[in-house]
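Those protein sequence lines, which keep their order, are chains A and B. Going from the first sequence to our numbering is simple: count from 1 and add 38. Going from the second sequence to our numbering is simple: count from 1 and add 38.
Calculated from the structure, these hints are not laboratory results. All values reported here derive from a predicted model rather than from experimental measurement. Idealized CB from N, CA, C, for every residue including glycine. A couple of the hints might just be wrong.
Derived pair list, reagent style PhoX-like, types lysine-lysine, alpha-carbon separation capped at 25 Å [said to hold, decoys possible]:
#1 K207(B) - K210(A)
#2 K207(A) - K207(B)
#3 K222(A) - K86(B)
#4 K78(A) - K98(A)
#5 K222(B) - K210(A)
Covered stretches of chain A (chain B as the covering partner; in silico rule of three or more C-beta atoms under 8 Å from a C-beta of chain B) [unchecked claim]:
#6 79-89
#7 305-315
Protein chains: 2
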Amino acid sequence: MGRNFKIAIVGTTGLVGRTFIKVLEERNFPVSNITFFASKNSAGKEIKFNGQNFIVEELKEETVKNYDFALFSAGGAISKQYAPIFAQKKTIVIDNSSAWRMDENVPLVVPEVNPEDLSWHNNIIANPNCSTIQLIVALKPISDNFGLNKVIVSTYQSISGAGQKGLDKYHKEMLGQDVGDKHKIFSNAFFHPVSAEQQDWTVEEIKMINETRKMLHNPNLPISVTCVRLPFEVGHSETVYIETEKDFQKSDLIEKLNTQENLIIIDDLHKDDYPTPAMTQDKDEVFVGRIRKELSINNAFWMWVVANNIRKGAATNAIQIAEKMIEMNLIN
Amino acid sequence: MGRNFKIAIVGTTGLVGRTFIKVLEERNFPVSNITFFASKNSAGKEIKFNGQNFIVEELKEETVKNYDFALFSAGGAISKQYAPIFAQKKTIVIDNSSAWRMDENVPLVVPEVNPEDLSWHNNIIANPNCSTIQLIVALKPISDNFGLNKVIVSTYQSISGAGQKGLDKYHKEMLGQDVGDKHKIFSNAFFHPVSAEQQDWTVEEIKMINETRKMLHNPNLPISVTCVRLPFEVGHSETVYIETEKDFQKSDLIEKLNTQENLIIIDDLHKDDYPTPAMTQDKDEVFVGRIRKELSINNAFWMWVVANNIRKGAATNAIQIAEKMIEMNLIN
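So that you can see chain A by itself, here it is in the shape it has in the complex:
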């Protein structure tokens, strides 16, 4: 029998926090001890985990102890402040916020893509942005086997990417209530906030570009994206147009994509078979469809990449990072 691990969850009551709990249970993650942290507002609430009741604790510097892993999803400010405090107590922080992702001393990891980056860290590991995770799972085998000359992505992102607050607004608008935002969520398409770094680009677009480059260890990767938020509850989708160095047949693409762990191809347009966001409910895999060679030039193709943004795009990937570190014997 392997050993069990001491876990802390930071941001327990949020959408991703609640999914951490669900995914840990589903995967029978080997837990010896678990502590649930949240803000003052949520402290004292009861939480069920593996049939036992727990009380949510307020996150305070003086109550932080040593854990094997702390799974963070409480926003960038909390991560910035508390991740170093947990790290000092020899806890591996796996942080779902964007606070540490581009820090050169912090590895940014998708276990199917760059597990080797788990072998160096200062006790903080960053979980990538949801739309980046699903893209890079599908991109990696293409990059490895055919080389990437150009990657043009448009996203179709669900409102759960804006957390419980986004979902609540969507449901209110569905009932005809005006939530006071400039752009409606329901029956509409809209954009993420503007980036602080790049005039005219959204935060989400810059994240996808920078994080993909960091994980593929290619700072000049020619990738560009437009990110769009849409009125559905769960599941992000992406149209991905790729020009490669080497030529290929469609069967070569499928063969290489099929070598990728946790990637499922659903691709028969004649039978209306393709992945949709609605089918990712409770799914942890990345789904790929609409694989087709470009008609006007060689060495180019499209694919449609779909995943559950709260699971593989957040909670599941974080837990898979912990599992991979255990598997790689990186935990003392």
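Here the structure of chain A is known, so what remains is to put chain B in place on it, guided by the hints.
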């Protein structure tokens, strides 16, 4: 005072047919006489036009007379059968179906783009596909001024593109009813049916590619698209990535786009100003936002193109074709 025209509407009771009536009224189209045709099922219904009551007539070969213009939106099969019958009676048919669009004896026209093609025809003129119309209005000034080396489009299309039937299904699903389709419309993303011409591509994608090439008179235009249907009622949007022959500044793009008739730029991400599908309700223009130079290479940029698919994408463009022919003195 100009002269007034004899009009026939074919497919009166459909979503586009009803919008023909609304747009003719709004634009004070100079009508001397108007006849409303529909299928047997809808014949006998009352229709109001400019305050007067009319009875919808059943479309039969023997009742077709001479009109100045017949506006068709009753599906491809009706267009294929009846457009030549109207054309023989010296009526200019403006057909919203895909039946005649790629016929080399039939001009395919967006008045802001290729009005010169209205000067040759055999009494049938095709109205392009909704997603093509809005794209090409924005593409034309870019093509004319900077040259097009590559055009990569992803669409975000509303369910009204599937007509009243599509809207009805969407509304039923919103109320929790299962309409029996393989893929849900509500809270989901899905694709158009497979093309008969190209394995792995949808009809909508092939239409956009072929129709754009025909109207720009460039059969080798390097354009590729993925078309996606989404859960909103009205308004199609498109992310458009373009590589040009000549270099430019963002201000050059805006200057040239501003020369295009019926194109409105809304573009200040810092103020959350950009077009959305929800704002196209009752609008006839094409809206462009998110204009930004690509970061990784020169001579490339993105834009976001939005229009009302039932108006500019169908009814309004057809009526603008008639108006343009009158303006160009092409009607005897």
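Going through the hints against the structure:
1. K207(B) - K210(A): At roughly 21 Å apart (the allowed maximum being 25 Å), K210(A) and K207(B) satisfy the hint.
2. K207(A) - K207(B): holds, 24 Å
3. K222(A) - K86(B): Violated, because 33 Å separates the two Cα atoms, which is more than 25 Å.
4. K78(A) - K98(A): holds, 9 Å
5. K222(B) - K210(A): Distance of about 21 Å is within 25 Å: holds.
6. 79-89: Violated: only 0 residues of the region 79-89 of chain A have a Cβ under 8 Å from chain B.
7. 305-315: holds (count 6)
Going through the hint list in order, the structure does not satisfy hints 3 and 6.
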